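Chains as they are written, first to last, in the numbering used here: chain E, 295 to 374; chain R, 295 to 374.
Take these hints with a grain of salt, some might be off.
Stated by the list, open to error - Covered by chain E, per the in silico footprint, the following chain R stretches (three or more residues, Cβ under 8 Å):
(1) 310-324
(2) 349-355
(3) 361-370
Don't read these hints as lab results, they were simulated from the structure.
As the structure is a computational prediction, the values presented were derived from the model and not from experiment.
We put the beta carbon where it would ideally sit given N, CA and C, even for glycine.
Protein chains: 2
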Amino acid sequence: MRARVVVTLKAGVLDPQGKAIEGALSGLGFSGVDGVRQGKVFDLVTRHTDPTKAKAEIGAMCERLLANTVIESYTIEIMG
Amino acid sequence: MRARVVVTLKAGVLDPQGKAIEGALSGLGFSGVDGVRQGKVFDLVTRHTDPTKAKAEIGAMCERLLANTVIESYTIEIMG
Numbered sequence: 295m296r297a298r299v300v301v302t303l304k305a306g307v308l309d310p311q312g313k314a315i316e317g318a319l320s321g322l323g324f325s326g327v328d329g330v331r332q333g334k335v336f337d338l339v340t341r342h343t344d345p346t347k348a349k350a351e352i353g354a355m356c357e358r359l360l361a362n363t364v365i366e367s368y369t370i371e372i373m374g
Numbered sequence: 295m296r297a298r299v300v301v302t303l304k305a306g307v308l309d310p311q312g313k314a315i316e317g318a319l320s321g322l323g324f325s326g327v328d329g330v331r332q333g334k335v336f337d338l339v340t341r342h343t344d345p346t347k348a349k350a351e352i353g354a355m356c357e358r359l360l361a362n363t364v365i366e367s368y369t370i371e372i373m374g
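Whole structure, please, built from the sequences with the hints as guidance.
Structure below.
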């Protein structure tokens with residue numbers, strides 16, 4: 295079973311990398327950009343066949359390794 | 295208008311970071327993981343109000359800055 299985890303900075307947490315990208319886009323002539331925030335995506339393959347169990351285990355992975363829950367939030371999407 | 299860009303390594307491109315995460319998950323006792331690949335996500339706010347135009351401009355941003363299209367592919371999702 296495949297799953298996608300998206301880890302993004304929580305609102306209010308400064309994102310200097312996103313700001314740098316915004317500046318670079320502006321420098322390239324893309325003037326219509328009002329904000330950029332960068333996050334991470336993890337595409338996992340798990341041996342679980344039950345989506346509920348897969349999601350629970352991946353949630354535990356996020357809590358322990360994939361996300362820093364002090365400043366980041368995560369979403370888990372089971373892709374079948 | 296908000297949009298999400300997901301940049302992932304193309305199939306066949308080695309992902310040492312993903313491998314390291316897979317090893318770390320295994321070390322933490324998550325034994326059911328068969329593969330991990332890491333990518334990037336960009337959450338953009340654009341001033342375009344037409345989804346088609348927004349998508350076209352963001353596609354150009356991906357080609358020029360956000361993705362290395364030799365080894366990465368990207369998807370653009372307009373989130374309204």
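Indices of hints not satisfied (ascending) = 3
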